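Engineer: Residues per chain are reported as follows:
Protein chains: 2
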Amino acid sequence: MTPKTTFFDLQTGFAPETESVSLKRSLSTIKSIFSNQEKAEEILSSEDRLVYEFYDLGIPEKEGNIAYGTSILYPGKVGDEFHMTKGHFHTILDTGEVYYCLKGHGMMMMENPEGDVEYREMRAGHSVFVPGRYAHRTINVSDTEVFVTFFAFRADAGHDYGTVESKGFRKLVVSDGQGGYKIIDNPKWNSI
Amino acid sequence: MTPKTTFFDLQTGFAPETESVSLKRSLSTIKSIFSNQEKAEEILSSEDRLVYEFYDLGIPEKEGNIAYGTSILYPGKVGDEFHMTKGHFHTILDTGEVYYCLKGHGMMMMENPEGDVEYREMRAGHSVFVPGRYAHRTINVSDTEVFVTFFAFRADAGHDYGTVESKGFRKLVVSDGQGGYKIIDNPKWNSI
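Chains as they are written, first to last, in the UniProt record's numbering: chain A, 1 to 192; chain B, 1 to 192.
FYI, nobody ran anything at the bench for these hints, they're computed from the structure. It should be emphasised that the depicted structure is a prediction, and the values quoted were computed from it without experimental measurement. One should not assume that every hint holds.
Pairs of lysine-lysine residues, derived as DSBU-like cross-links and limited to a Cα-Cα distance of at most 30 Å, are as follows [unchecked claim]:
| no. | chain 1 | residue 1 | chain 2 | residue 2 |
| --- | --- | --- | --- | --- |
| 1 | A | 188 | B | 4 |
| 2 | A | 77 | B | 4 |
| 3 | A | 62 | B | 62 |
| 4 | B | 62 | A | 4 |
| 5 | A | 171 | B | 188 |
| 6 | B | 4 | A | 62 |
| 7 | B | 62 | A | 86 |
| 8 | B | 4 | A | 24 |
| 9 | A | 62 | A | 4 |
| 10 | B | 167 | A | 4 |
| 11 | A | 4 | B | 39 |
| 12 | B | 188 | A | 4 |
All chains should be built: construct the whole structure from the sequences, respecting the hints.
Structural biologist: Rendered as structure tokens:
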């Protein structure tokens, strides 16, 4: 392949000139990831809502390539739970990923199959390296600002959403009722 | 390993809080890469000069990991040739690298062992994917502004400077005498 140039706006994350369109995740398509299903249905009964979008530039999925792009996570809550991405393991489990925050205030939530939970707060300029074996999702903990990251990972890593989709992550990030956030146990993980 | 957080200033590229210090390349240590050796010696007879610096965070060199950081390339010329990095092949030749420009105006110069030459201009917001098999260097084509990029590659890729160090790249990026740049053949590649 030949070198590829793509412009990603450093403030908005948008890549208006690329032939790749962003992949959009509206609430209706990912409602199951949120803890409060009644609230999700209530929102959807009046309007659908864009939760996040990200770019997949179609870099060939070879082990020597790097896939990269931006992720744009809109502010909002479903009940008291902040907007977040679906989250995924890599199919090649022991492959990492780096995220570099361009704008906003968010959280990287991570957990491995052994149940170790890690999370890191991110603001503009913060990079987080997610080591291999960790499922990861980003969460926008701002009520007003978009959370924008630039990400890069081995192009053949693959995405495994299944494990995360059934039970979610072990921890939830919810409003503390005072304009901030708090991290609580996911009740789905506590139930038998 | 556990997740790693590092703050890289989005304007300057500096990571003031990390335990990793940036690796500094002054003119005295890389003078051989410039075409005009007399001019390099002349500059060095009165002062040394920082040409670029970059961060190596020490991410373990495993095939599943991503190494990343910022590169900060200062404006300046040696004769009519712009400041640039040494440039390198990856030791695992067929591994790519992505660069995302945070600030400035520069050039990604690339060539593979077969002699194919590619170059891409970069300004803030431009990403360039350097495919595997391509030696690559960045060049700051601004006379006044720092050129800052965020880079990411497979952590076990390795750096092979040797091939490039002996003859340089096939093309040079030099001043056009009117505030811009032009790309010319490297005389070292034309000689027998």
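Engineer: Evaluate each hint against the coordinates.
Structural biologist: Now the hints, each set against the structure:
{"no.": "1", "hint": "A:188 with B:4", "result": "holds (28 Å)"}
{"no.": "2", "hint": "A:77 with B:4", "result": "holds (27 Å)"}
{"no.": "3", "hint": "A:62 with B:62", "result": "holds (16 Å)"}
{"no.": "4", "hint": "B:62 with A:4", "result": "holds (25 Å)"}
{"no.": "5", "hint": "A:171 with B:188", "result": "violated (60 Å)"}
{"no.": "6", "hint": "B:4 with A:62", "result": "holds (25 Å)"}
{"no.": "7", "hint": "B:62 with A:86", "result": "holds (27 Å)"}
{"no.": "8", "hint": "B:4 with A:24", "result": "holds (28 Å)"}
{"no.": "9", "hint": "A:62 with A:4", "result": "holds (15 Å)"}
{"no.": "10", "hint": "B:167 with A:4", "result": "holds (26 Å)"}
{"no.": "11", "hint": "A:4 with B:39", "result": "violated (35 Å)"}
{"no.": "12", "hint": "B:188 with A:4", "result": "holds (28 Å)"}
When held up to the earlier numbered hints, the structure conflicts with 5 and 11 and fits the remainder.
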